Amino acid sequence: MNSKSIDIEASAGKILKVREHPNQNEGLIFEKSAPGKRGMELPPLDVPAVDPVKALGSEFTRDAIEGFPEVSEIEVIRHFTRLSTWNYAIDLGMYPLGSCTMKYNPRVNEFVARLDGLATEHPEQPAEVSQGCLRILYDLQKCLLSITGMDAATLQPVAGAQGELTGLLMIRAYLQSQGNPRKTVLIPDSAHGTNPASVVIAGYEVKNIKSNARGQIDTDHLREFCTEDVAALMLTNPSTLGVFEERIAEIAAILHERGALLYMDGANMNALAGVTRPGDFGVDVMHLNLHKTFSTPHGGGGPGAGPVLVKRILEPFLPVPVVLQKEDGKFALDFNRPKSVGRVRAYCGNFGVLLRALAYTLAYGPGMRQATEDAVLNSNYIRKKLEDVFDLPYSLPSMHEVVFSDARQKKHGVNTMDIAKRLIDYGFHPYTTAFPLIVPGAMMIEPTESESKEECDFFIEAMRSIAAEAETNPELVKTAPHSTRVGRLDEVAAARKPILRWKP
Amino acid sequence: MRYLPKSPSERQEMLETIGARSIEELFQSIPEKFRLRAPLTLPGPLSEAEIIQYFQARAAENSRGYTSFLGAGVYSHLRSVVTDSLIQRGEFLTSYTPYQAEFAQGTLTAIFEFQTLMCQLTGQEVANASMYDGSTALTEAVLMAERLTGRHRVLVARSVHPEYRHVLQTYAKNLGIEIEEVGYTESGQLDRAALKQESLAQAAAIVVQSPNFFGVIEELPAMAEIAHAAGSLLVTSIAEAVSLGIVRPPAEADIVAMEGQSFGIPPSYGGPYVGVIATRDKYVRQMPGRLAGQTTDAEGRRGFVLTLATREQHIRREKATSNICTNEALYALAATIHLCLLGKEGLREQALQNLAKARFAQAELENIPGVRRVFSGPSFNEFVLEFPRSVKMVNADLLREKIIGPFALGIHYPELTKRALVCVTETTPRVEIERLSAAIKRILERPV
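If you read the protein sequences in the order shown, they are chains A and B.
Take the first sequence: its position 168, counting from 1, is numbered 168 in the working numbering, and each next residue is one higher.
Residues are numbered in the working numbering as their position in the second sequence, beginning at 1, plus a constant of 1000.
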């Protein structure tokens, strides 16, 4: 520990007061290490010991790892528990990150994912002793197909971005089978950054298309751009403005007329589940983010899962293996799929995440619609209660999220990031800042269905209070947060002289 | 519904505030003809107890009560309950990617520790905040080597995990990357004689796995020399990370792509796991994925942030080093906690136990008439055996005795039918090894 951590203030009256709680001063685990300590013991070896140098040869062995931690169990518990107190979490309150769908992560999902007989299963074990795992995958596929109105699915992609890539590879394989894979994929300027990055890995060129003044796809533009070279349009619907593409049928028709396909980024499916189905409005291929709409925990940045759902024409191109039910009712993995795009990850993907998504779906059943309705209700409620103090750049009806801009606060020198950081002092996680790119100074708020009216009211109050502060005391907002363990961190210095690991 | 915190009257009140007559009005932007009229056809709703029942029923249809000798990229190792209880703290479990650093110092500090541990283990200078898994980490390492060298061919050992190679092929297909596979010798190691000079001169990287898919440890220093002499890089994949407790680290490699599942993460039928990419400092700007870095606030307090983001898709879009957004943060945290618990001595002891158990199993099984060890190279906790009859038949018989037999190599290597990859870890009791050996002996004594 550094000297500051035991900075004790002695007063005249002999009372010793620890000025800063140990939570605030926890160092790195390496700084607690001392030779000879350990936090886990193994059962004794029940076979003869082996001398590694004799067994492998000295050129293949190593000595003990220099600098590796040596700490006891209680120190590990305290260290990571203290670190955890520096995080914000859904369990603590509203997490209104637009586009991220930070909803409640049901605890029963954690429980069932850890069951003996599920967590313990090896992905290469024979199908005879994997019927339970295979049925979970099969049941989830059926549920996702029902929710999206699509025809076939792969659960293998382990993230939204990997789902995008998988979908694009299938589009390429399909078009190739028609004789020409084509060259470009159209992406609206409001799209997530993963979209263009995935397009490049699929071997396509990106062509950006501008949104119209209402933040929607400009269909005239689309007609002009959609040449014989275009393989697909990647569309997020509702868009990252939280607005449904009203001319979705026309968009699909334009693409289909020219032999191109419609890809839907399902990041915002939380606005649609149970209300409308992408398969019905012309989508050919889409991915879902199970860590968004289907409540699997973000865990500080992952794991996720990005299943891909397709229309019948794309089914032959699904990654291997495909989960199927045989005539005798047994489940199996089908590897014999000659037109498959291949494999995007080892094994069957993030089974533990898929399982949690199924548990979530079973909890709601057809009642999932209520969750969607509540999510849209919350976002419209917040919009209504804040639209008199924050600028609303696009006035179309909001679905599950609402995008304001900092235009009014900027006049006082306060920008979206400042307001976001100040929210921390009010006990909320910031909303998404500076995205989508088409809104300068964007403030993207997605409350999800998990927030009570009370929590929404607290948030509204906090936002209104910050708006007032921006006028009366902008400095207070610009220097926020004031309540966290560390203040605003110097990101420029971090990037200029990167320190990416601890050294003794 | 228990997950939804609103009463009917609150919903009504909120609708009134909005000025909507009904909830339907909030969905008016969806064209009428696309709005669902009927409820979704889904099973449920289920109460918590019913959800548990459903999954317990599924668990009972799996392999409970069986002993497994499968490894092949996924390993059953001891895990402490401490790891699982810590990663279930809501502050870790239910937090987002730490973009708002001041409010996510817990996750960021743990990632920084993870990066440090991965460097110490691999002998590399820098490691990222994690990748999806070992298969995609290897693919990303190859793409990184392509960017670093400007060359478009890779020489990939056939002894690299077949599913990893399959993922690499899927990604490489449309990127103009040519994959040339290189065979193995009787030792089970990469066949250096098969590395053609003209191929090497065009190669972005030689790609090996160590211990490789046959459980054999590769001679990495020699391989690095060959690669570097030709101006290409050495990419090393590691699927069994516990080996690093005793096996020489791949310090000579230019990029290490590792699967960290062995560090406290359950097999869970294939995921989620945690991938790692580690490399030299000078290559950091071509690395994919998130990175946590140390910095200070205005008052000089140490803190951590996600850094060097100009490599990433949310800034660079189509010019990013990768399309990856997620890392497997929760399982990077699990691996970090697990390694802190095991510590310097524990990891070494665990690795030694694996080695000893595998040697014991190998001796037991080699004793069976007609069974012989296939590769002569040094191995860690997996080894390949040849049986006098099809592995499929042997395994079918073993399954009747509640034993999940070794991995049949013929599926991926037509020349290795009748060969199987046996895995033994510290979790395999001696009596189970003896039971396997007795069972195989009995099976082979029976006429076909």
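Everything labelled a hint here was simulated from the structure, so no lab data went into it.
All values reported here derive from a predicted model rather than from experimental measurement.
Even glycine gets a Cβ: it sits at the ideal position worked out from N, Cα and C.
It is possible that part of the hints are untrue.
Here are the computed distance ranges between Cβ atoms for each label pair [claimed, not checked]: (1) B:K1319 / A:P338: 33 to 43 Å; (2) B:Q1053 / A:I460: 52 to 62 Å; (3) A:E228 / B:P1008: 20 to 30 Å; (4) A:R312 / B:M1393: 32 to 42 Å; (5) A:E461 / B:E1024: 21 to 31 Å.
Straight-line Cα separation of at most 16 Å, EDC-like style, residue types lysine to aspartate or glutamate; simulated pairs [unchecked claim]: (6) B:K1441 / B:E1345; (7) B:K1033 / A:E75; (8) A:K497 / B:E1125; (9) A:K478 / B:D1297; (10) A:K210 / A:D220; (11) A:K385 / A:D280; (12) B:K1196 / B:E1186; (13) A:K37 / B:E1345; (14) B:K1033 / A:E246; (15) A:K330 / B:E1013; (16) A:K207 / A:E228; (17) A:K384 / B:E1016; (18) A:K37 / A:E75; (19) A:K183 / A:E205; (20) A:K453 / B:E1013.
Hint numbers contradicted by this structure: 2, 3, 6, 7, 11, 12 and 15
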